[in-house]
Every structure is written in structure tokens, then in C-alpha cells.
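With chain G held as given, fit chain S onto it using these hints.
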Amino acid sequence: MSPIKTINVDYIARVEGQGAIDIRFDKTTREVKLKMFEPPRFFESFLIGRKYSEVHEITSRICGICPVAHQITALRAVENAIGLKISPQTEDLRKLMALSAYISSHALSLYFLTAPDFLGKESVIPLVAEAPQVVARAMKLKKLGNELGDIIGGRAIHPVYMVVNGFTNIPSRKQLDDIRTRLLEVKQDVRETAQLFAGLKYPQFNSPGEQIAISDSQQYAINKGMLKSTEGLSAEEKDYRKVINEKQTAYSYTKESTVKGRASFMVGPLPRVNINFEQLSANAKSVAKEIGFKPPRVTNPFDQVIARAIELVHSVDESISLIEKLPLRYEDLGHSFRPGEGFALTEAPRGLLYHSYQINKQGLVERADIVPPTAHNVHHIEKNLSDLVQTFGDLPADELTLKCEMLVRAYDPCISCSVH
Amino acid sequence: MPTKPKIAVFKFTGCAGCQMEFLRLADEYPDILGKVELSYFKMAKRDNVAGPYDISLIEGSISCPRELEEIKEIRKHSNVLVALGDCAVNGCLPSIKNWIPQSENERRVYEDTSVVQSFALHGLSEYVKVDAHVSGCPPDKNLMLGLLVKSLQQLRVYHRPHAVCVECKLRENVCLLTALKQPCMGPVTKGGCNALCPSGARVCEGCYGPMSDANAQSLANAFKECGLADDDIMRKFRKYAGLTSEFSKEASKI
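Same order as they appear, the protein sequences are chains G and S.
Per the working numbering: the first sequence = residues 1 to 420.
Per the working numbering: the second sequence = residues 421 to 674.
Pulled out of the complex, with its shape left as it was, chain G reads as follows:
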């Protein structure tokens, strides 16, 4: 019998929130646990009895890294419940808001959380002295994304101007023109980012699986679309619960998701780029070609990183074209109301996000159901970790441990979010 090896990371660094890796394996068996010990805050419980108009403001606090995605998803689910249709301008402004979050979140994930592992560093801090231009580029991109969010949402972290049926404040033409100029200036930076991350040396191993994203023939789907997968899944957002299962485990506060009747699945930049490649901006497609990315890529989960860099290119391009077409009119926020049930699926920077609410006659929440991206991914990351230790099981313990951490970070997990 071969000896049992263990990998233990009691608190994973350079990810959001509190999670641990616990693996026991030998030549034939592997037991993998991704333990999210982040304490639960019970959002789905204390939302009950709150007013429909404050649901997005409350759920924003599920996550400080993807508050924009939670706000937009909650707003859409609530608006679907009470029977509201928003204006095209609100749709565009929300898309721009979502893109601002993609830019800042992807820049943070790529440069601050992912890159240090590949450069043999424990964090980005030593790189400030060793690669000042790269760090300056990282900060420029993150700052630009944050400031685009500030202009439209009032502030990037827990925005305040997005409300049911629209925005209380509209940015000025001058503010948008100034930020458009800055977006044009970073087009070269995001191209170089994609080249940099495509050139890193990723662990090569096979861990295929179903990939899921929302999809829309008219645009690169972020705020709305049909549920699609690389295995032929197709469903409307209201039927999400008919196709996706969720189950509690004894060792984690994050519940694990599976496709009904099938297995774990992946969400995030890679599924989006694979499923919606044709809707990427022409420039992003040409950058993808330049760096040798040809969809669909479904075997190595580290491709999440490269897909994230491609999306950074797309996000800058689409922000520019949205700014150019925005009319910027103040719109009346008054709206009709009816009780009902609503559902919404969106793509947060880290992947598929689901919100659903039942709103009663008094306008109060009676039922809330929320499934964040990392809750979708957690079971699949466990599968990937299992495949990873099978491939690299003979490496020294510290090297294998680092590879396991790198794999988790490739997903850019948001653990507070996943527990909520």
C-alpha cells in the first residue's frame, strides 16, 4: 500500500474571504475538501420582511469585490417580480457599471492575486521595486475601473445611485468624455496584459468538465441572457432551479452546486469566452488570436486566467462604445407595483450569479434565494484539485501545495460571497 499524503492550507492567501484546502490522497484514492469556514451572515433569512426597494442595497453587502453584480442582479430579480421594464438608457448605464467592475476586478485578480505565484513572489509588494512599469500598469487599470464606477454609481464599492427603475443621478457628458479618453489610453495596456498572461507557464494537466454562462445573440452577455453550457444545456433564468441543484456539505458553509442529473461545473471568464466568443469586441477577438487562444478550451482550468485577460480587453472596448452612444437624460423613477415572484441571472466578474425573490402585496420580501459564482464553482474546484494531485502527486509537498493554491486562485474565488 502506498503511503497517504496530505495537503493542508489552513487559510488560503490572496483570495477574498476565509477558506482552507484539505486533501488526503495516495495512488488510488483522493479525498478533497475545500472548506469555506467564512461565517455565514444569513442574508436569505434577514432579507425576509425588508422592502423591495432596498433589496439591492442590502445584497450589495454580500460582497465588497462584486457589489455591482449583486446590485444589478437583485434589481433585475425585483423588477421582474413587480413587473417593471427598465429604459434602454438604464440598461446601458447598468452595463457600463458592470463593465467598470470587470475592469477593476479583473485587473486586481490578474496582477495582485494571480501574477505573484508565477513570478516567484509572495505578493505584489516586491514587484513595486522590481517591475515598476508592470505594477504601474496594474494600478492604472484598477483605478480606471474604480473611477468609472465612481462616476456612474456614486462610488465603486457599494454604489448608491443605482435604484429600482433607474439611476438617481446621471453623470455629466464631461465626466464621461474625460474617462473615455482614459479608456482609449489603456487599450495598449490591456493588450499587453493579455500578452503577459498568455505567456506565463501554467501547470499542464487535464481536468475537463461542463462550463456554464449566460448567452445573448445581440451582445456579450453580462447583465442578462439565456443559461447555456458547453454540454448543450439551455434554460431561461426563471427555470434555473429546474436545472441546477444545490447541496450543503458537513465541512463548509458554502453549498455545492451540480447540474441536475450530471456533475459539477465551471463558471467564470473561461466559460463566458468559450460560449460567447463571437460576441466579444473585434479587438478582443484579434487579441485572442494573437495570443493563440482558440475556443472552446475546456481541459485546463488555468485557462480561466487567460480568458480573464481577454475579457479585460473586451471590457475596455465595450465601455468606450457604450459611452459614445449614451443619451444621458434624466428619467422619471416613478413606477407601478404588483406583487410577484422574480428571477435573474447575470455574469459577475467571477461568473454566474443567481438571485430570486418573492415580493408580497405590502412590497416586502417573503422568500430570497441567492447563489453566487463561487458557490457554483466550489464543487468543480474540488474536482480540479483531485485531478491536479493525481497529475503532480510526486512533487515535493510545498510545490504541490503551491500548485493547489494557484489553481484555487485561478478561479478568483470570492468566499464571503459564496457563503453569504
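Just so you know, the hints here were simulated from the structure itself, not pulled from any lab data.
Even glycine gets a Cβ: it sits at the ideal position worked out from N, Cα and C.
Errors might be hidden in some of the hints.
To be verified - Calculated from the model, a selection of chain S residues having no Cβ within reach of chain G, i.e. all distances over 10 Å:
#1 K465
#2 S483
#3 E489
#4 K492
#5 K496
#6 K570
#7 L572
#8 R576
#9 V577
#10 P581
#11 A599
#12 G611
#13 S619
#14 K644
#15 K669
Unchecked claim - Stretches of chain S that chain G covers, calculated by requiring three or more beta carbons in the stretch to come under 8 Å of a beta carbon on chain G:
#16 466-475
#17 502-515
Just chain S, lined up with the frame of chain G:
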């Protein structure tokens, strides 16, 4: 040359938004990274060192036995301990759950509640001595900068005892409460945000917590004149700072 001050950043029950705002400081003032030693910051670093620390910035509330032990330990190794953001100051929005029986919260979310370790959620000062409170959800990065600069100079941090209204008046906004009869929390809410929401035609929701001597009852009466029902008023106060002595009376009505 004096040694660089050791800074630690810890996360408890919260959303990481305050850490994200803290990171924005580095975008604005990249020199900061060279002036301090980041000794502990899990979200940013893989090599984290044990205390003592000159300044510990704590994000999040205390909501389970493990966290209670950890915060007491961190207190022992911190010269200055800062509650960074509303969760650490007074429990913020997640404190709404304290009005629901804990068993009910657990039952609504988890099938098997036997593995859930959680209790009523509170800010840090419920359990340990806190040297400075920085409120806000999240606190504006400039408040964090002010805190760091003052702490490093061994000076007392300015607490902004005034209401959002003071900053709103300086921006010459039309008053949403008196002129437009909208239920704005500005008159009882601590400043520091530069009246962000009212300046964008949105009422203040109170995300910086209560100002000194907040008169919640008087504002509750004004909300009645705006047409709010009793349970609407209760929800206004049972939000970002419902557990505070200033708001708890209005927050527990009904």
C-alpha cells in the same frame, strides 16, 4: 532611520469591501507601500507574520466562537486596534439578523443546522478595547488615510461628530427632507462621506452610523410627516446601525 510601522489587516464576518477601499489608497498614493510594512494581510499576501503590530485594521463583525478567540488574541498583539468600517464598528446591515431568533436564521438557510456555529453578531467593542472607530459602509479611503497618518503620529483621530447635513449644506444641495419631504437619514447620520447620496438626489440611508447626540425620535416623527408607516420607520433605523444605543429604540418598535 526608524523602522517602518507594522500594519496588519484582518477580516472577520464581513464582505471585504473595506479592504477593497483600503487597497484603493495604494492606487492614489502608491508611496504608502514603501512607508509601512504590511505584516499581515491575507487577501494581498502569502507570507504573513505574527505580531506585535503597530496598527491592526479589523474589518468585519464577531459572529462565532472562533472569531471571539481570534480577536482577543489580536488585541494582545496590537498597539493600536482599529475597527475599520461599520461591520467592525456596530454590525452594519448583517446585524438585522439579530432581530430574528438565531435558530430561525439557521433553519431558513441550512438543512443541517447542527454544523452551523454562529451567534448574535456584534461590533468589536462588545468584546475588546477598540482604539479608533472608522465608520462607513465602506469608509471613504480618505478617512482611512487620515486615520493612518494620525495613528502614525500618535495623535487622536478626528471622529467627525457632525451630521451628514453639515456636509450637505456645504455642497449647497436642496434639502431632500424639508423641501421634498423625502425620508433622509442625514440629520442623524455621521458625516465623512461629503454628502454623497443627497448630492446625487438620493436620500441618505445612514451608512456611516449615528452622529453624536443623534435625535432619532425627532427624525422618526419627521418621517411620519413624509408619509412613512411605523414599520417603514422601524426598517430605516434597523439597518446599518440598529444595534447602537442611538438607533435601537426606533429600530425595535413594532
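- prompt: Does the claim that K644 (chain S) lies outside the interface with chain G hold up, using a Cβ gap greater than 10 Å?
  reply: holds, 17 Å
- request: Against chain G, does L572 (chain S) hold up as non-interface, every C-beta pair farther apart than 10 Å?
  value: Since the minimum Cβ distance to chain G is about 19 Å, L572 (chain S) lies beyond 10 Å and the statement holds.
query: Taking C-beta pairs only, is G611 (chain S) more than 10 Å away from all of chain G?
result: holds, 15 Å
field: Coverage claim, chain G over the stretch 466-475 of chain S, checked by counting residues with Cβ within 8 Å (three needed)
entry: Result for this restraint: holds, n = 3.
task: Please confirm whether A599 (chain S) is truly not at the interface, meaning its C-beta sits more than 10 Å away from all C-beta atoms of chain G.
output: holds, 16 Å
query: Going by Cβ atoms, does E489 (chain S) stay more than 10 Å from chain G at every point?
result: holds, 13 Å
- request: Could you let me know if the closest chain G CB is still more than 10 Å away from the CB of K492 (chain S)?
  value: K492 (chain S) is indeed farther than 10 Å from all Cβ atoms of chain G, at 16 Å.
Minimum Cβ distance from R576 (chain S) to chain G greater than 10 Å, as the annotation requires: The claim stands: R576 (chain S) keeps its Cβ more than 10 Å from every Cβ of chain G (closest is about 27 Å).
- prompt: P581 (chain S) clear of chain G by more than 10 Å, beta carbon to beta carbon?
  reply: Fine: 23 Å to the nearest Cβ keeps P581 (chain S) off the interface.
Minimum Cβ-Cβ distance from S483 (chain S) to chain G exceeds 10 Å: violated, 5 Å
task: Could you check that no beta carbon of chain G comes within 10 Å of the beta carbon of S619 (chain S)?
output: violated, 8 Å
query: Is the nearest CB of chain G more than 10 Å from the CB of K570 (chain S)?
result: holds, 23 Å
Consistency note: the structure conflicts with the earlier hints numbered 1, 2, 13.
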